[in-house]
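Visitor: Residue numbers (numbering that gives the first Met the number 0): 0 to 567.
Take these hints with a grain of salt, some might be off.
What the hints assert, rightly or not - Estimated spans, in silico, between C-beta atoms of each pair:
(1) Lys99 x Arg402: 45 to 51 Å
(2) Arg314 x Ile545: 28 to 34 Å
(3) Ala15 x Asp174: 42 to 48 Å
(4) Trp136 x Thr562: 38 to 44 Å
(5) Glu427 x Phe6: 25 to 31 Å
(6) Glu242 x Ala15: 35 to 41 Å
Said to hold, decoys possible - Here are the simulated PhoX-like pairs of lysine-lysine, each with C-alpha atoms no more than 25 Å apart in a straight line:
(7) Lys534 x Lys516
(8) Lys195 x Lys23
(9) Lys23 x Lys544
(10) Lys544 x Lys516
(11) Lys99 x Lys80
(12) Lys544 x Lys534
(13) Lys182 x Lys195
(14) Lys80 x Lys415
(15) Lys23 x Lys516
Quick caveat, the hints were computed from the structure, so don't treat them as lab data.
C-beta: ideal position from N, C-alpha, C; glycine also.
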Amino acid sequence: MRMSSLFLRTLRDDPADAEVDSHKLLVRAGCIRRVASGIYSWLPLGNRVLRNVAQIVREEMDQAGAQETSLPIAQPLDLWKQSGRDEAYGSMMFRVQDRKENWYAMAPTAEEVVTTLVAGEYSSYRDLPVNLYQINWKYRDELRPRFGPLRAREFLMKDAYSFDANLEGLQASYDAMYAAYIKVFNRCGLTVRSVKAQSGEIGGDTSQEFMAVAAIGEDAFVWCEQCDYAANTEAATRRPTPEQAIPDQPPRESTHTPDMPGIDAVAEHLGTTADLLMKAIAFNVAGELVLALVPGDREVNEYAVIGAFAPAPVRLYSDEDFAARPDIPKGYIGPDFAGAAYVIADSSIRASHGWVTGANRGDHHDRNVVLGRDFTPRHWAEIAVVAPGDECPSCGNPLRIDRGIEVGHVFQLGDKYSVALGATYTDEAGDDHPMVMGCYGIGVSRILSAIVEEHHDDHGIAWPAEVAPYQVHLVMLPGRGDGALAVTDAATALYDGLRDRGVQVLFDDRDVSPGIKFADADLLGMPVQITVGAKGLGRGVVERKIRATGERDELAVDAAIDTLARLG
RNA sequence: CGGGAUGUGGCGCAGUUUGGUUAGCGCGCAGCGUUCGGGACGCUGAGGCCCCGGGUUCAAAUCCCGGCAUCCCGACCA
């Protein structure tokens, strides 16, 4: 492509509405332009990257045995009512009406459509397994779109859906997708950790997220440097604190702590620290009051509590719940509160010999509240949110917490949709069963943001070769001297020659100053920059710069095409 | 939805507090000339519903009321 005719305007200044580097650079490099909040036009350069990433995804999906389809974006809302997700998605879904005033959802995802499709075509165990995918635009009316394509309301996503006869089949489909995902992210040049996500209804290791490591990532995850343990913060756990013998302690003692329901205020008032205080958090479990005990410097992991009581419904005590139970001294509940139906404690409650806790009456806390003597939890579990330095549950080494961009998610769905939408098959014995499903997503447009976050510097983007819009950025510097014509000829010959050899070349043939050309080449970020100028040409060479590393060397003009084509 | 901020040529901004010539600067764009290996320079020029609607006033980018849009923090969500 000749830059003189490329639809491109690079920007010198950061756009006012961009906060993070990837968003700023994608706009400055002319890859995207905002049309509305969270909705973007993809310009030629950005679109080429999008296409390259999509192609990588397509190749790996095909390789893994999935079959590409294209499912509608406009989906009858009735389908969503059948699955019950109309309400679940709520205002997250864009809804449109046709001329007959029928409602349609603009696909936030496609479980309903694909399940209905498979249900209509397949009905025998002989048909299974099957795995269908598409790469298509998705619509989610996010409360807060952010960071350009990172959290957009319109975004390109690969979604795959597997249908199996049983759980063993599902596991095989899932494993194949998982392996394909690793390849996809490697080819995109991303540093990705697969982290265990909150378990679904099936239980077990049924959901993994793929996090591209990035400081600006919206999700925190826990991981171990020594082994391969990794989990998102909701699913993360840690090695339990062991039981220990507690020597005799001074008697329990009550102190006046008026208007101090908060941990920090109490700690300061009593001249102690938050980790020596105990929180007793009230949960409503199937209508009963349940106390969850954690040290004052830790948060309760609500998902862990839910997991501990599954399948009973669990929620944090609400204002209404407290209003219905005036006997509960909100903010001053102790671990031995008589009104609690059940007490569950995090194992870190074993760490201190004597706790400061609520006194079970307003405006008072007790000191020297001792495990075994003053209170005895019915149940122990790891219900506290993991903190950096906690021990890894599999190897015991310190855990770390980092942030990441969720670029993929694989999930074992089970029969939720196949039951709701009638996707059943007949087995050898003639009995009907719901198909067992998995779903697998990759955020294709989001990957672009993740790639730029990982591959950029102060001057611009440095695209990994496999996703770059062009492989070679050919900078022509004819100057005005006697050699100008020779430079133009040599550069054009190089451009034509490389294209003949199948190399994708961006040819800067513009009549602008050298400074602009170099700055744009660094901003746009093609992996290899070739400069053809009178200076080098006089010695029979062109110059090569590797964008990512800044390495420079020279290539003989005669050999340049061969050398570059081989790398391509 | 709660809190904060912003809205002025294509882009980045000043001007608004204290209403008052013809609304200004940088980049970009067009023309001419000089320059030509790391965002060159001079001259000339085009381009503005000052977010929208209403109000106050002799007079509104500027003050008041109402809306809309965009961004940030939070809540929410995969």
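Visitor: Decide, hint by hint, whether the structure agrees.
Guide: Consistency of the hints with the structure:
1. Lys99 x Arg402: 45 to 51 Å: 47 Å, holds
2. Arg314 x Ile545: 28 to 34 Å: 55 Å, violated
3. Ala15 x Asp174: 42 to 48 Å: Holds: the Cβ-Cβ distance is about 46 Å, inside 42 to 48 Å.
4. Trp136 x Thr562: 38 to 44 Å: 40 Å, holds
5. Glu427 x Phe6: 25 to 31 Å: 59 Å, violated
6. Glu242 x Ala15: 35 to 41 Å: 58 Å, violated
7. Lys534 x Lys516: Judged against 25 Å, a Cα distance of about 16 Å means the pair holds.
8. Lys195 x Lys23: 31 Å, violated
9. Lys23 x Lys544: 24 Å, holds
10. Lys544 x Lys516: 14 Å, holds
11. Lys99 x Lys80: 19 Å, holds
12. Lys544 x Lys534: 16 Å, holds
13. Lys182 x Lys195: 18 Å, holds
14. Lys80 x Lys415: Holds - the C-alpha atoms of Lys415 and Lys80 are around 14 Å apart, at most 25 Å.
15. Lys23 x Lys516: 20 Å, holds
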